[in-house]
Structures are given as structure tokens and as C-alpha cells.
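The lines below spell out each chain.
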Amino acid sequence: MYRGREGMWSWILHRVTGLGVLLFLAIHIVDIYLLGWPDVFNKLLFLYRHPVFRVAEVFLVAAVLYHALNGIRIILVDFWVEGTRFHRQIFWAQVAFFLLIWIPTSWVMLSPVVFGK
Amino acid sequence: MYVGRERPTGGFELFAWFFMRISGVVLLILVLGHLAIMHVIHTVDEIDFDFVARRWASPFWRTYDLVMLWLALLHGVNGMRTVIDDYVHRRGWRVVSLTVLALVGFVLLAMGTQIILTFEAPLGREVAGRP
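From first to last, the protein sequence lines stand for chains A and B.
Just so you know, the first sequence maps onto residues 1 to 117 in my numbering.
Just so you know, the second sequence maps onto residues 1 to 131 in my numbering.
These are calculated hints, taken from the structure and not from any lab test.
Mixed in with the good hints there might be a few duds.
Quick list of simulated restraints, FRET-style, between CB atoms [to be verified]:
| # | chain 1 | residue 1 | chain 2 | residue 2 | range |
| --- | --- | --- | --- | --- | --- |
| 1 | B | VAL67 | A | PHE79 | 19 to 25 Å |
| 2 | A | PRO104 | B | ILE84 | 18 to 24 Å |
| 3 | B | ILE41 | A | VAL81 | 25 to 31 Å |
| 4 | B | ARG54 | A | TRP9 | 15 to 21 Å |
| 5 | B | ARG7 | A | PRO104 | 33 to 39 Å |
| 6 | B | LEU74 | A | LYS43 | 29 to 35 Å |
| 7 | B | VAL67 | A | LYS43 | 38 to 44 Å |
This structure is a prediction, so every number in the text was calculated from the model and none was measured.
By construction, the Cβ of each residue, glycine as well, lies at the ideal position given by its N, Cα and C atoms.
In isolation and in its complexed conformation, chain B is listed as follows (with noise of 0.2 Å):
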């Protein structure tokens, strides 16, 4: 019989064991939104930086895409820990691995945050369509 991974019994990894399965649930309904107006009703030929900046032109697209990046990261980066967990057994190893997880992790979503939030269509710039 098929049983899943064992729930924990509490602490961090219990925590970690929920917001998995929560943000799963929601990143389910953003992401597989996302692909569907980004990648199907638009497409990569669309899309460029005037397409961006008319995006983000608006707040519930900004805000949108902010929840998407902080839930899809932290969801992968848990992922990537539990199979370092899994793989990684000598301890140097794990130290060496948990701790560039971290750090990469920490950066891509530092950048991610950033650009979201500080972005702006340069002064001066035509941005077609905006108002």
C-alpha cells in the first residue's frame, strides 16, 4: 500500500510539513494561472519589456506576482532541502549544501523582491499603451 511521506510530529518540521501542502494549494491556482496568460493567451513573441511595464503598471498584477515568487520559492527551496536531507549524509556535505541552498535562495529572492517592488518604466520612455 502507498503511504506518503510520514507526517512529523511537530516543531519546525511539522510546520514545514503544513506549508508545503498550503502553499501548494494556492501556488497551484497562481502558477498554472500565470502559464495560462503568460505562455498560452499571450506568448514569448508578446512579451517584452513595454509588455512587462504595462503589466506592472498596475498593483494587483505586482502584488500577484510578489505572493507567487516568495510561495513558489520557499516551496522549492524546502523541496531541494528535503531531498539534501534524503541524499546528503556526511556532514560536511550537509553543511556545505544547506548552507548554499540558503544563500542562493536567500539572493534569488531578495533580487525577485526587489525588481517587483522598486520597478519603474524609466522616465522618458515611451511605453506603449500605458496611460
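Next comes chain A alone, as it looks inside the complex (with noise of 0.2 Å):
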């Protein structure tokens, strides 16, 4: 009963969300390495300030927001008993604490960009 319900999507998200936020720790290393150079890292900051960076920034909320609550979901199953038999219903109020973090978070990370300062 693994394919396909809940555990296989919360495994598979955990896998692409923790990828996709180690692939980003790279490149922020490189990015901050560069204060040494601090005309260099001045200039390239408008990468980072782009409309295009700026929305993919409330991605990378995102995927640092589910991977870190389904971190816990895991740690519940492992160490808690109960955590097996309430599998479910911790899916579901993860799903739940996600959404309530990441929409307002999003809101006023994005409004500047829409609606200017």
C-alpha cells in the first residue's frame, strides 16, 4: 500500500525538494565566495534581484518549507510509536501547516515585485 498513496509522494518530494535545495547551497557558496571581490559581487546582485529570480525565490521557500515539515513527519514515524498508526492524519496536517506558512509568506515576498515599493 506504498505506490502511490501518500508515503510515495512525501518520499519523492523530500528527494526532489532536498536535490533542488542542495543544488541552490552551491550555487549561493560560489555567490558569497565572491565577496571578495566586492565590485564583482555588487554588479551580478541584478541576477538575483530579476522578476524571474524573485519568483523562483518563493520556490525555493517552498521546497525548504515542505522538506523541513516532512523532516519532522519522519522523525515522528521513527521515534514515536504512535507516529505509525497516525500516519495519515500527520500528512494531512502537514500538508495544512504548509500551506498556511508558505501562501502569506509568499504574499509579501511577492508584492513588492507586483505592486512595486
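Once you've looked at the hints, go ahead and assemble the two chains, each given alone in its own frame, into the complex.
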């Protein structure tokens, strides 16, 4: 009863978001390393200020948030005996928490891009 | 019924299993805090060289960033190792991919650690708001 159910989807998403965040972390270490050349660093910031990145940034937050909440779910299932019994309820609670945090956060992050400052 | 990845019985794999869970909980606080500060309260419109120089004038934020760097990179590299273990079965490819992963991970860790520990706002450069 694994394939196609909540367990499979949360597992796939955990992998995809983990790899995505790791890729961004690698890029982020390189960009921060450029602080050694202040003018180059400042000049390249236009990339992160581009509207395309501002939208990507919201998805970065989504990936981190999902991975964090799903990590809690994995820990509950691993260490809490009742965790296995309530795993489906925990999954749906996780979805609720995710939306409750991500939607307002995205609104705050994107409104200066959409409406100007 | 859903069951997670089986807990390893001992040795390095058991250590790695615990490390993922413990570092995960610490990272949850550090990374979500970092995102809230740098991407929601402040935005990429304000962040530039001077912003980082002011922030890293405080040993607290340097320590915060250093701990976050190490935990995040080790957590990510170990996660990637699990993914390689799952999908790369040929011996030659395993050796190649795990070696590349270890090398890239090491270089990134060294780069990040170096900049956090040795960063100085260059002398003579005005850093607004810095005492």
C-alpha cells in the first residue's frame, strides 16, 4: 500500500526538494565567495533582483519548508510509536501547515515585485 | 502501511541516520530563521556587499552562518549519497559519482568556511552604518 499513496508522494517530494535545495546551496556558496571581490559581487546582484529569481525564490522557500515539515513527519514516524498509526493524519496536518505558512509568506515576498515598493 | 527507511543496525550508517535527524532539526530552526531574515524581512533589493559587511561585523552572525553552512552541506551531501546508493548500481559509476560528490562537497565546504572566517571589509572602504 505504498505505491501511489501519501507515503510515495511525500518520499518523492522529499528527494526532489532536497536535491533542489542542495543545488541552490552550492550556487549560494559560490556567490558568497565572490564577496572577496566586492565590485564583482555587487555587479552580479542584478541576477538575484531579477523578477524571474524573485519568483524562483518563493519556490526555494516552498522547497525548504516542505523538506523541513516532512522531516518532522519522518522523525515522528521513526521515534514516536503512535507516529506510524497516525501517519496519514500527520501527512494532512503537514499539508495544512505548509499552506498556512507558505501562502502568506509568498504574498509578502512577491507583493513588492508585483505592485512595486 | 507507511514505514520510513529502515534504521541501520550500527557503524557509520547508524551514525549517518542519527546525524540526518539531529542536523535536520537544528537546520529547521537555522534555515527557516535565515530565510525569514534575509528573504522576507529584508529582501534581495537591500542585500549587497555593505549589508553583508555590517552583518558579519557581529561574531554572532558569523557563527550562525558557519554552523548553518557545515550542517546544511553535510546534510545535503549525505542525502545525495543516499540517492546515489539508490540509483547508481554499476561499480565504476558508483566510484566515480561518490568521488565527485566528495570532492565537490569538500571544495564548497572549504570555500564557504574560508569566506565566513576571513572576510574583512577592505580598509578604506566606507561601510554605511558601521561603527
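Looking at the structure, which of the earlier hints fail to hold? Violated hints: 2, 3, 4 and 7; rest satisfied.
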